[in-house]
Each structure stands twice: as structure tokens, then as C-alpha cells.
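Novice: Read off the chains here:
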Amino acid sequence: MTTPGTPLLIGSGLHKSFGPTRALDGAALSVSAGEVLAIMGSSGSGKSTLLHCLAGIVRPDSGTISYRGADLVGMDDKGRSALRRTEFGFVFQFGQLVPELSCLENVALPLRLTGAKRKQAEATATEWLARLEVDGLAKRRPGDVSGGQAQRVAVARALVTGPKVVFADEPTGALDSLNGEKVMQMLTQAARETHAAVVLVTHEPRVAAYSDREIVVRDGHTVDRELVA
Amino acid sequence: MMRDLALGLRLAVGGGRMSGAALLRLAMTAFGIALAVAVLLPAAAVHHLAGAQAERRAAIAQVTEPRAGVAPLLAYNWYASVGDDFVKVTAVAATGANSPVPPGLNRLPAPGELAVSPELAAKLAAPDGGSLKARLPGQVVGRISREGVPGADDLSAFYGVPAAQIEAEGTEGTKVYAFGRPYTGLGLSAILLGVILPIAAVLLLPLLIFVTTASRMGAAQRERRLAALRLIGLDSRQVKRVAAAESLVGAGIGLVAGIGFFAVLRTFVADILPFGLRIFPEDFVPSWPLVVVIVLLVPGLAVGSALFGLRRTIVEPLGVVRQGKPVRRRMWWRWALTATGVLFLAATLAFDRGDGDTAGALALAVGSVFLLLGVTALLPWLVERLVERLHGGSPSWQLAIRRLQLDSGTASRVVSGLVVVLAGTILIQGVITSLGSGIDRHESPAGVAAVPVRVQTTAAHEAEVGRLATSAAGVTGAHPARNITFLAGQERYYGLVGDCVALQARADIGGCSDGDAFYVVPAEGGAAPTGRLQLQGYSRGGEVPGPEWTVPGDLRVVRAGDTLAGDSLLVTPGALGGLALPDSSVAVYVSGTGDPKVLADNVGRAVSPLAWNAAVSNSDYLSDYVERDKRMVASFRAVLLTASLFVLAVAAMSLLMLSIEQISERRRPLAALSAAGVPIGVLARGSLWQTAIPVVVGVVLAVAAGLGLTAPILRLADRPMIIDVPALLALAGATVTAVLLVTVLTMPLLRQVTRLDTLRSE
Chain B
1 MTTPGTPLLI GSGLHKSFGP TRALDGAALS VSAGEVLAIM GSSGSGKSTL
51 LHCLAGIVRP DSGTISYRGA DLVGMDDKGR SALRRTEFGF VFQFGQLVPE
101 LSCLENVALP LRLTGAKRKQ AEATATEWLA RLEVDGLAKR RPGDVSGGQA
151 QRVAVARALV TGPKVVFADE PTGALDSLNG EKVMQMLTQA ARETHAAVVL
201 VTHEPRVAAY SDREIVVRDG HTVDRELVA
Chain S
1 MMRDLALGLR LAVGGGRMSG AALLRLAMTA FGIALAVAVL LPAAAVHHLA
51 GAQAERRAAI AQVTEPRAGV APLLAYNWYA SVGDDFVKVT AVAATGANSP
101 VPPGLNRLPA PGELAVSPEL AAKLAAPDGG SLKARLPGQV VGRISREGVP
151 GADDLSAFYG VPAAQIEAEG TEGTKVYAFG RPYTGLGLSA ILLGVILPIA
201 AVLLLPLLIF VTTASRMGAA QRERRLAALR LIGLDSRQVK RVAAAESLVG
251 AGIGLVAGIG FFAVLRTFVA DILPFGLRIF PEDFVPSWPL VVVIVLLVPG
301 LAVGSALFGL RRTIVEPLGV VRQGKPVRRR MWWRWALTAT GVLFLAATLA
351 FDRGDGDTAG ALALAVGSVF LLLGVTALLP WLVERLVERL HGGSPSWQLA
401 IRRLQLDSGT ASRVVSGLVV VLAGTILIQG VITSLGSGID RHESPAGVAA
451 VPVRVQTTAA HEAEVGRLAT SAAGVTGAHP ARNITFLAGQ ERYYGLVGDC
501 VALQARADIG GCSDGDAFYV VPAEGGAAPT GRLQLQGYSR GGEVPGPEWT
551 VPGDLRVVRA GDTLAGDSLL VTPGALGGLA LPDSSVAVYV SGTGDPKVLA
601 DNVGRAVSPL AWNAAVSNSD YLSDYVERDK RMVASFRAVL LTASLFVLAV
651 AAMSLLMLSI EQISERRRPL AALSAAGVPI GVLARGSLWQ TAIPVVVGVV
701 LAVAAGLGLT APILRLADRP MIIDVPALLA LAGATVTAVL LVTVLTMPLL
751 RQVTRLDTLR SE
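In order, the protein sequences belong to chains B and S.
Reading the first sequence from the start, the letters are residues 1 to 229 in our numbering.
Reading the second sequence from the start, the letters are residues 1 to 762 in our numbering.
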């Protein structure tokens, strides 16, 4: 088990360009176990790209990313996919649940992909749905539930495998403030209970307020919130 | 209204800024329409083709009613053959300056000259044309033009002879006063109604489904656009007109492409027809009224498909596109169709095996049609029920099952077109295989090897044929045998009187010496004749009575299996006790050395001066028919397989579009799953199962229905059921390939939607 406070994920000197557009220009950050880190920034500042690099979804052009001592940049696609499947969890803004699967099956899916038996996976998924207070939706499909409920199901799916890091990209972006707050409350609470780190991308200060620490991405650089006057 | 249509047309082409989905929809709609046009135009052209041939046949018909002042043309028809090529030769001789000239000829051929049809000229010019030439009299001096032959595959010739030669044939010759009878038109012929329309309908069904599927591609995007139009004030009817106009663009492109495809097809259609059929490309044009119908019908089909796709969609102004409640699948008519089919098929059990009764055949035909339609209608319900009961399995399996549980109807509809064609193919294939299994059973009598060539002639020319034949290179002997009918009251025994060599070429009679007589028991059984029989010949179109003959007491009864020409009494001259045989047709069997084919050609050239009085063929001429039947069966198989593969390809393309549409619609969840580390293989396998399940259910259903229908047909025909395993395996293999191909082709899109930019939400 990773001790809270120990650096878990460290990125430094990260550069990433999409054609002529420079998305990251020397960005750096570290996340400790159990820490909730908010990455803020204006639209197009590169915060989502930073999250994608840290999560191993895209490979930076240069720089290093270390997860519990392992070099994420040098890892092949298969290794990074396996890491994302077993060590990381993800919550996106909307439309991330598979529409034809029930909410229960959506939550159980990551466990099934790691080899768990269906009954066992669904039992664990049921616990998580209950924890996020959406156990009544188990048999319903994502299209039949509200946006807030679907996001809580997505949070359950992100946490069901016991990830060390949860990446959340604008998780409340498509929700009203009440539902947004509820989702953030549950996400951070559940993450803290399981000592999972949360890397949260948002442009809303209200959402960032749920974090332990904030950094700002500006023109591809990262700056500590405290230093931004 | 016109403004709405114009707006729809503008939106369809998107001012040059079309999205991938819209472009694909346009391309696929156009492709489907092009294929539909390419099926309909040839169907319409076949009607015209039959009409053109019937018109020429009427134009070359001989008029034998006397006409005042016209010196008739004397004509005598006979057939010369090599293998299964039969050449209709007409000997002609003018009786005066104004004797009519047959259409297609500039002048009558002079005695010894031969004018040949285009197809015959081509066969004579071919490397193996020598054998055919050896069977024809005279020198080829010209060709019959297209006006003089009904079809391109017509094998015919006009041979000039002196008038006296035809006059010598008496009533067998014809006096022709003119050519051409009034052509009253083909109308809605039985060919069109009975053959072409069902085939076109069967091929059009999957195309209709294809066009419907294509018109629904990018539906979400289109519905958003239509919603935007509602917002700016268009009412729901106007919006439907806009949607209809959008689909017209694809239909228009498809129509042009289909006509272009047909134009190209026409140029080489003569070379690609099955069953050895040949046609003049000039005849293969659709008649204008049918073209107008097609040009109006096809865009209507596209518009209808687009509106059908929108039938449960309510486009509202606030960008909200609401799906109406799904219609509950009505079952009664699906079961009614199937039950009617089963009842009719069960009714055939009331008929005995081998009973060719019309009522039985009718029950079978009606039952087959109802059962095929019923099975097709049941498929969506069956797939729905099946996937409802499926649980568990791997994540990819679960993804596919859940997707099909949400909507299996579309995929099932796509596959249902495939089912009816596959079941029909299996049915026809099974019947052909089982009926064709008897083709190989023919075995020639052993004696055929000794006398491989046969010349058919008359009693009057028997001696001359013998003399000419034995003068040919390689010939060692000639053995004439006269065709005689033996009458016992109303009972007729067909037979042959000839030496042992000739009789042994007709049936396996074992040892033979002059003075022997044989009764060959027919396959269906029979009793040997006894007592006195009346001999009868057949010459110049009439029966010739002969003397009475007493069946010898030592008549040998043989069970020789197959006999050539179905003879039952084979008699050597010694057994007739010196009776004079009546005039009749004669078969002169020729023995010789070397290649039998070369020997036949040599004999053909030697007897050619006798023209119609000496027709040369192989002694084992049934083998030629067996070969022809085998080729026909092979052609039939090839046509059926091609049609099945075509329909399978269309269904596969429909499934491909469906997969592309579903992947596009699930862009975000798929990208999220991929970001969360789900291997793309899991998603690809999900796509594979999703395509495979309805197809496999459909193919299993088609095989069951096809084989189920073959059994009662063969029972009535009293033939054993032989399953054409290679054909079934070929279809199964093609199906698996199609499913795999669809999955492979969706992979690039799957990779694209799981890329980073799909996740960007700002």
C-alpha cells in the first residue's frame, strides 16, 4: 500500500505539440497518494493534454513521467493500457458509459476486463453503486438516468478496481451546480476512503475547492496556484 | 414545396463541406441505387431481348401457302451434329427467277455452296471447328446476317442444291412462297412473369434493405440539422420534404451510375452469360416504357426509404429528436405465413413417392414460397428472443449481446434478405445435385468401343453409305442395322435388325451369332413377346408395313441395364429366316482404328455428298448428352453461387454500414473505455459478435429451411436426397469471411474514435 504523502506520479519537463499548436511546454507536477490535485486553466491552456499525458493516454514529445518509479513514457502501448486498466480510474465530462449495458454492467466491466468472474464483479459493482447512492439504478441503462446519476455511476466505475490514481476531466462540466457538488463530494470522499489520488481537471473554482492543492496550466506551463496572484 | 426540396438538395451536398458520415451515406445510397438499377435494367432488357428474338423468328418464318405468280423456293431441313452442337441445315433450290430469298441472305447459295449463321461461322473458325465442318456438306461462301437468325446462339446454315435433289424427297421437302409472318408482340410473356420478375424481386429485396440502411447513416447528425430547420420555422411536413430531397441526390447519382454500369455490361454481356447462352448486344436494351418506370420508381424507392427511416422520429424545434415508442412486433402474420407454408408442404405427404401429380407440385410450390417468406419474417423475432436469453460470457460478448438486445431488428432485417436467397439457393442446389446424381449412371454398352462411329441413313442409301464410309481413312468395316418396330396387337416393341457387331453396340447382350434374337428387359420391367409379330418400318415420314415374323422359341432374355435408344428386341438377320425387311431408317455402325474422333471426322467427310441422307455421330451419342447435362448443372451451380455471393456481399455491406453507424454513435463511450485501458481487441470482438450472431442465426435458419424444402420436392420426384456439402461449405465459408471482413473494415474507424481528440470536451 502506498503511504499518503509519498509522491506517486511525477511528471517533469513535459512537451507536447499537435501540429503547429504547442499544448504543453515544459509542464511539471507531482501527485502524492491520497492527494486531490486540481489542474486549472482557461480553455485551450493544455490542462486536458497534461491529464492525458499523465494517464498514459498520449505520449509526450519529451519529458519524463514516473508512476511509482516506473517510466510511463518509455512503456509500450500494451503496458500503458494495462496500467490504466489496473492502477488508474477515469471520469470524463459526459457520455462515457456504454449505452447498451446496464449501470451495474458498466461498473462491473473494468473488473471483468481484469479477469474477475461475472458474479463476483457484479457483487463488487453493487457495493460501489450503493456507496454512491445509485444502487436503485443497477438494472437501468445510462440513457434512462439523469446526467448527475450517470456521473455517479461513472465515478463508481472509476473506483471499482481500487485504483491508485483517479483522473477526472471536467467531471461536473455537464451538470447543474447541485448535481456537480454532489458528484464532487462523493468522488473526493470515496477517493480519500480508498487512499486514491485524484487528478482533477476543471476550470471552475467551485469544483477546484474540493482539492487539497491546485496548479494552473498557462500556455503549456504549470504554475502553483499560490504563485498565481 | 419546391423551396423545401431545393433546400434539401443544397443540404445533401453540404456546400462542399460534407461530414464523413454524410459523404458515406451519400456514397452508399448511390451505390445501393446503382445496384438496384443494374438489376432492374437487365431484367427489363431480357423482356426486350425475348421480343426482338420473337420478332426475327416471325420475320424468317416460312410461308408455304401458295402465292400467285411466285416460283416457290424448295427447302429441306435436317440437323447435322457434333457432340451437343446441333446445326439446322436448310437445303434450298430456286424454281424460278422470283423465288424468295431467306432473310439474312443477299442471294440464294448455288448448288454446293453453304451460307452459315454468325455463331456457326465462329464455331467453324475455332481450333476445334474441323469436326463440325466434316459434318456439313458444301463449301462455306457466305454468312447469314443478324436479320436471318433469331438469336446469336443460332446454329444454322443454308445449303444450295439442285431442285431435283429436294423434289426426290417427295413430301418431306417444302415449297416456300415467302418469308415472314405478322409479329403480334410478346406482351407480358411467361418468361417475364415466371422467371425474371421473381429473380429480380429476390435480388432487389436485399438491395432495398441496403438502401434503407444507407439512408439512415449519420442519422443523429441529420436529425440535429433537421431540428435546426424546425427552430427557424419549418413545420414537420416541410422537414420531411427536406429529408426526402436529401435522399434524392444519392438516388440521382445512383441512377446515373446504374445506367452507366448497365451500358458497360451490355458491351460484354454476350461473353458472360451462363448455360452457353449467346445474345446480340443490340437486342439487350430495355424498352422505353420500362426505363421510364425504373427512372421514376428508383428515386421513389430512395425517398421512401428515407421517410421510412424517419417514421418513428419526431423532429422538434429545440434540437430535441424524440424517438416514438417502439412498435410492438406483431407476430400473428409471421406465424400465419410459416404455418401456411408448413401446411401446404405437409399436404404433399398425401401424395405417393414419385407421384408427379400437378396438385402435389402446386402444393409444393405454394408451400415453399410461404415457408421462405415466413422464415424471413420470423428471423427478427427469433434473433430478438435468442439474444434475450443470452447471458454471461466475456466482456466483448456481453457488449454485443446487450447491443443486440437494444436493437436487433435492423441487423435482422439486413440478414433476412440473405436468408431467403440462401434458403432458395440451398433448395435449388439440393434439387439439382440430387436430380443430377443420375447423370453419371449412364454406361455405354461394351460393344460401342468396336464401332465408335454411327451413320444414320435410309434403306435406299444404306449400300452407298457403307461404300463411302469404308473408303474413309482408318475405317475397317461397316455394320448396317435397320430400325424395326415389332407389333403384337396394340403392343409395340422397338428394335433393331443387324449383325452381332451392330447389336452389341446397342446393348450388352453377351455372346452373339447370326440366328440369335434378344429381348432386352426395359428398366421398368416387361415380358418378352411370343407368337407372331408384325414388322413395321418408318420412312419418309410414314410407317411402312412389313411381313409377319414368329418369335423364335430360343429368344434370349437379357438384362443389359441401359440400352441406347430404348430398344427391346435385337434380332440378327439369320433369326428372320430370310424375311424381306420393310423400308426404314438405318444405322450404319463403323469400325476402325485410331482416335474415334478423327475416325468420325473422316467418315463425315466421306459421306458428306449424301447431305441429309447421311448423319454422322458417335455411336455412344448419349455420352454427349451426359456431358452437356453435366455442363448445365455446373453452370446452374455457378449462377446460384454467384447470386448467393452477390446477395451476401450486399448484406455484408449493409452490416458494415450498420457497424460504422453504431461505432460513430458510441464515439465517446468507446473512447472513454479505450482511455481506461480497455484493449481495442475487446471492442473489435464485440463488433464481430454483434455482426456474427444475426448472420449465423440467419444462415442456420436458411440451411434448415433450404434442406427442409428440398426433402418434400425430392420425395415427390422419387429421388434420393443428396446434400451438396461442398456448396454448403462454400456458402458457410463465404459467410464467415463476410463477417470477418466487416469487422476488419470497421477497425480503422474503431481506432479513430478511440483516439484522444474524441475525449476532448471543451
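Hints were generated in silico from the structure; no laboratory data involved.
Some clues are possibly wrong.
Claimed, not checked - Cβ pair distances, simulated, as ranges:
1) S:Arg667 to B:Arg213: 15 to 23 Å
2) B:Asp176 to S:Gln405: 51 to 59 Å
3) S:Arg667 to B:Asp176: 42 to 50 Å
4) S:Arg385 to B:Lys139: 13 to 21 Å
5) B:Lys117 to S:Asp235: 34 to 42 Å
6) S:Arg385 to B:Gly162: 54 to 62 Å
7) S:Gly393 to B:Arg140: 33 to 41 Å
8) S:Thr642 to B:Asp135: 55 to 63 Å
9) B:Gly162 to S:Gly393: 43 to 51 Å
10) S:Gln752 to B:Gly143: 20 to 28 Å
11) S:Val744 to B:Lys117: 26 to 34 Å
As the list claims (entries may be wrong) - Derived, one-sided and incomplete: chain S residues facing chain B with beta-carbon distance under 8 Å:
12) Gly392
13) Gln398
14) Arg403
15) Arg668
16) Pro679
From the three backbone atoms N, C-alpha and C, an ideal C-beta is built for every residue, glycine too.
Novice: Going through the earlier hints one by one, which of them does the structure break, listed in rising order?
Specialist: 1, 2, 3, 5, 6, 7 and 9
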